[in-house]
Each structure stands twice: as structure tokens, then as C-alpha cells.
Amino acid sequence: MNEQGMIKVEICCGTTCYLLGAQSLLALEKSMPAPWIGKVEIVAMPCLEVCTNDNYSHAPFVRINGEIVGDATVDLISKKVNDLLERHVQ
Amino acid sequence: MNNGVVRMRRELMIRLIRSFLAGTIEKDIDKIPYEIRPKGSDSVRCCIYKDRAIIKYRLMALLGASYESETDESKTLREYLDDALAEKKRPDKPITACGAGCSGCPDRKYFVTDNCRGCFARPCFYNCPVGAIRVENQHAVINQSKCISCGKCMTLCPFHAITKTAVPCEDACPVGAVKKNAEGIAEIDYDKCIFCGKCFSNCPFSAIMERSELLNILNELHKGKEVVAIIAPSAQDQFPGTVGQLFSAVAKIGFKDVLEVALGAEKTTEHEAEEFQEKMIAGERLVTSSCCTAYVEAAKKHAPELLPMVSSTPSPMLYAADIAREAHPNAQIVFIGPCIAKRYEVTLHPDKVDWVMTFEELGTVFAAMNIDVMAQAEWPIPRPAATTARNFARSCGVTDAILKELEAHPELAKRGFKADVKFINGLTPKTVKMLQLYGKGKLPGNFLEVMACCGGCTGGPCSLTQAFNPDKKGI
Ligand code: SF4
Ligand code: SF4
Ligand code: FES
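Protein sequences appear in the order of chains A and U.
Residues in the first sequence are numbered consecutively from 1, following this note's numbering.
Residues in the second sequence are numbered consecutively from 1, following this note's numbering.
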């Protein structure tokens with residue numbers, strides 16, 4: 001959660017993540033789903049430093065409200081964010 | 001582009017480089033296929049055993065070997081590694097068609113899907129030039145022995161009911177150099193191939209592989225040899241961060257110096273403008289650009305009448321190599337760019353450039369060494385190259401630079417001469433035919449710029465992104 005109480009999605013744009021797919025995740029930043037507006041903040045980040053060991057094969061990584069998510073896809077991020085949004089409502 | 005083929009290729013490269021840097025490659029390399037497809041894991045092809053076999057071929061290509069010249073299937077990767085590093089030798093051809101990885105995509109064929117409603121209009125039936133379509137039980141059927149694959153029915157059907165099977169490698173090749181053998185497996189005819197790399201980018205099974213010299217370069221650096229990088233102008237938007245930061249990141253790998261190939265492009269501009277002027281004064285009909293190696297090969301192999309009109313001015317890479325050599329007489333020179341054909345150009349000039357590395361390979365080296373471009377300090381570029389020279393990276397850039405250069409030499413204009421410039425932005429079977437027509441003098445224009453890749457070098461097969469901004473900050 002960021003300072004404004006929004007869900008924070010940090011997309012890693014370090015070299016490893018960039019090469020292994022972060023480029024296509026950045027589409028989320030450009031065209032955010034309408035229900036997310038005002039509730040979700042998406043930012044591009046330098047290396048989150050989870051790629052330095054054997055983990056790198058799970059790049060690209062994102063951090064959603066502090067939780068590291070590997071093998072990230074637009075779909076996976078959307079699921080996680082929608083889950084959080086739902087929990088938020090209840 | 002992000003897809004399974006690209007991902008696997010990059011992941012393998014990172015793994016290989018990491019293990020080389022850790023000094024454990026001799027012991028690791030034969031295990032890599034098993035680590036990537038361990039017992040019980042999911043396979044992408046029919047089974048994990050086939051997946052492993054193809055991973056081995058991928059690694060062989062990364063070590064510079066080719067599928068075509070494999071004689072002993074039991075030869076280990078360790079042995080290939082030893083061969084690769086034993087002497088300073090580059091692969092003779094930049095790509096290899098790995099028959100074992102080829103899925104033997106079925107021949108191009110049009111067929112009618114269930115979308116067909118057997119409509120009253122039946123434009124397919126009425127417009128097929130060879131009468132190959134009949135309608136049975138309210139459903140169109142194509143008689144394959146009559147069909148000439150013209151595709152008319154496909155464009156006319158209002159229900160998009162007609163589709164075709166594709167052979168991506170053959171469809172991508174501008175010069176018909178990929179053909180399937182008697183077993184239906186893709187092979188490259190190297191007498192026709194212009195090394196454009198389009199088959200490599202388009203095969204969805206990654207059966208066309210690039211033969212790399214990356215480990216040789218890393219090995220020279222590791223041995224403490226003096227190695228200098230010259231970087232193609234299309235580098236500008238390949239990585240997040242500024243160009244200055246990118247140069248610092250390259251130096252961090254261990255290169256002694258980093259230079260812009262655009263400095264060479266300045267010289268190419270000067271000489272090519274001069275050559276154009278002289279030839280026009282001498283009454284010649286046409287001059288074409290010459291910086292794209294794949295295009296020059298296309299002229300040699302497929303439009304020989306055009307060949308005398310190809311400018312004899314050396315490419316920016318060759319000029320830049322001279323500049324680098326002057327500053328560092330004993331260094332080995334590595335060209336870094338988005339191009340597969342440059343690998344071939346270097347085989348023609350082995351005294352100028354020692355090795356070639358692609359942007360994709362550069363990225364994997366950064367990843368393996370945990371070098372973040374954005375985190376680097378600015379590299380002090382002593383004299384940034386002219387914007388016109390940096391623009392060589394994209395279609396029309398060469399022409400722009402030459403026209404600007406000609407403004408400074410008004411001799412031609414004084415004689416009432418006007419440049420009539422034409423462009424070919426991307427080689428396809430159609431534009432290769434145009435080359436032949438230019439050669440025969442059947443098309444207008446007196447300066448022709450040809451780029452094999454659509455958009456110019458930024459659209460190259462080993463480019464990480466096609467974004468390009470020559471005015472980017474930090475350069
Ligand atoms: S695209 Fe060509 S090389 Fe690739 S699997 Fe199909 S036939 Fe084989
Ligand atoms: S000309 Fe290009 S597409 Fe055709 S085989 Fe050679 S590299 Fe592949
Ligand atoms: S590059 Fe993404 S975690 Fe390092």
C-alpha cells in the first residue's frame with residue numbers, strides 16, 4: 001500500500017527482468033484497467049535485487065504491496081490486484 | 001518481442017554466461033539441458049527428451065557450431081566448448097538451420113473452416129481463377145490439386161471462413177533461400193541466403209539459430225586481452241537509461257574503450273556523397289547505399305545488374321573500426337549491433353573487426369553480471385557523433401545525411417542537377433524484384449537507399465526494442 005492507501009505495483013525494469021519480459025508488463029502502466037484508476041499505483045523500478053541468484057529464471061519480477069511475485073505476466077498481476085481490490089471492499 | 005522462443009534463448013544465454021564467469025562451465029555445460037528440463041517436468045515439444053536435445057543444439061550454436069556440420073551426435077558440449085575456445089576463430093556462417101528442431105510446418109495450403117455458411121453470394125466460387133472451389137452440403141470445398149494458392153477466396157469471403165497454413169521461415173525469406181528437404185525439414189541454401197536473419201526471427205520453433213561468438217569474446221576479456229567495443233547507432237534506445245550510461249555499462253564488462261559507430265557513419269556520409277556526385281557528373285544513372293550488408297548480398301546474389309551501382313564506400317562499421325584501431329593499435333575490436341548480416345560482413349574483412357556481438361547478447365551479459373544500465377554513471381563521450389550520422393540506424397537516415405552533405409557541395413546543383421531519392425524500407429520477395437528492376441533501369445530515381453530490415457537497423461533481428469530516438473538526452 002502506498003501513502004495514499006492505493007495498491008502499489010512495482011514492475012522491475014532491471015536488465016534481467018527487462019530481457020525476460022518486463023517490457024510487455026509495462027503495457028499495464030500505460031493502459032490501466034478502468035476499475036483500478038485511483039486505487040492502484042503502477043511504477044517502473046530499477047533492479048529489485050531478487051534476480052542475483054539462481055532465481056533469475058523466474059524473471060520478470062514485480063512487487064505488489066511489498067510481496068515479490070515471480071514469473072510475472074499481465075494476467076497474473078491482474079489476478080493478484082483484483083483479489084486485493086476485492087478484499088479491500090469487504 | 002516477448003514470446004517463448006525469445007525467453008528460452010535469453011535464459012539459456014544468461015545461464016551459459018553465468019557459468020562461464022563462475023569458472024564452472026566445463027563441468028556445468030553438459031548438465032544444462034537436464035537442469036532446464038528435469039525428470040518429471042513439462043515439455044514444450046513432444047517430450048522432455050526432445051526438448052533436451054534441442055537445448056543441446058541451441059548451446060552448440062551459442063558455441064558457434066552448426067547443425068549442418070555435425071558429424072558425431074555423441075560429441076559432448078564440453079568438447080564443443082573446448083573446440084570453440086581453442087583458437088581465435090569465428091563461425092563461417094552466421095546462422096544454422098537445426099533440422100532436429102524443425103517441426104516441418106505443412107506446406108502452404110488454403111482450406112475452408114467451419115465459419116463457412118455456404119452463402120448465396122459465394123464469392124469464392126465465382127472468383128476462383130482456376131475453378132478449384134465447389135460447394136457441397138452448404139459448405140465450400142477446395143480441390144487441392146487445382147488450387148494455385150493465389151489467396152483470392154480468402155480475401156473475398158465475408159465470413160473469414162477461408163484460412164491458410166503457413167511456413168513461417170519460407171514466408172519470411174525475401175530470396176527463397178529456405179526450402180524444405182525431401183523429409184519436409186527446413187534447410188537453408190547458403191548460395192542464395194543474404195543473412196538477413198528474417199527466418200531466425202520468424203520460426204516459432206526456434207529451429208533457425210544464430211551461431212554466436214559470445215564466449216570467445218568473454219574468453220578474450222577473461223584472459224585480460226585488450227578489447228575495444230564499437231557500438232552501432234541503433235543502440236540508443238535498446239536499454240532503459242541514457243547512452244552515456246550504456247557505454248559505462250559496456251566498459252564495466254571489461255572493454256578497454258567504447259566508441260560510437262556513428263563516428264564511422266560520418267565518414268561514410270562524406271565519401272558516399274562525394275562518390276554520388278562524381279558518378280552523377282560522369283553521367284551514371286544510379287547510385288545505391290551500401291551500408292546494409294544483407295542488401296549488398298541481395299544485389300550480389302539476386303540482382304547482379306544492380307551491383308555496379310552499389311556505392312563502393314565502406315560501411316560505418318569499417319570506418320569506425322579504423323578509428324578504434326588508430327586509438328588502440330593492439331586491441332581486438334568487437335562490433336555490437338542488432339544485425340546478423342554484420343557477422344557475415346566481418347568474415348569479409350577479418351583484418352578490420354575481430355568479433356561481433358548482438359544487442360540481445362549484450363543484454364544477457366549485463367543480466368549475468370548484474371549490471372544495471374540505469375545505475376551507471378555517464379560515460380564521458382569525447383566527441384559525440386553528428387545527429388545525421390546517428391540517424392543511419394533508421395530508414396531514410398542515410399539519405400538525409402547524404403542530402404545534407406551535398407548541400408555543402410553545390411557543384412551538382414549549379415549544373416542544374418537534382419537528386420531524385422528513392423527508398424526500399426525492408427526486403428521482401430516484392431522489393432527484391434524491385435531491385436532487379438532498378439538494375440535494369442526500369443524504375444526512376446538516381447539515389448536509392450536500401451535497408452533489409454523494416455524501419456532500418458532498429459528493426460534488426462537482434463534488436464531488443466524498435467523504439468528509436470536520436471535526440472535522446474545524455475548523448
Ligand atoms: S518455421 Fe520453418 S524452420 Fe521453423 S519449424 Fe516451421 S518449417 Fe521448420
Ligand atoms: S536470406 Fe534471410 S530469411 Fe532467407 S535463409 Fe537467409 S537469413 Fe534466412
Ligand atoms: S532485474 Fe528484476 S530483480 Fe533484478
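Heads up, some of the hints might be wrong.
[What the hints assert, rightly or not] Cβ-to-Cβ under 7 angstroms is the rule here; a few derived chain A residues that face chain U:
1. Thr15
2. Leu20
3. Ser31
4. Pro35
5. Trp36
6. Met45
7. Pro46
8. Cys47
9. Ser57
10. His58
Derived from the structure by calculation, the hints contain no laboratory data.
All C-beta atoms, glycine included, are put in the ideal place defined by N, C-alpha and C.
Here's how the hints hold up against the structure:
no., hint, verdict
1, Thr15, "4 angstroms, holds"
2, Leu20, "6 angstroms, holds"
3, Ser31, "16 angstroms, violated"
4, Pro35, "25 angstroms, violated"
5, Trp36, "22 angstroms, violated"
6, Met45, "10 angstroms, violated"
7, Pro46, "5 angstroms, holds"
8, Cys47, "5 angstroms, holds"
9, Ser57, "6 angstroms, holds"
10, His58, "10 angstroms, violated"
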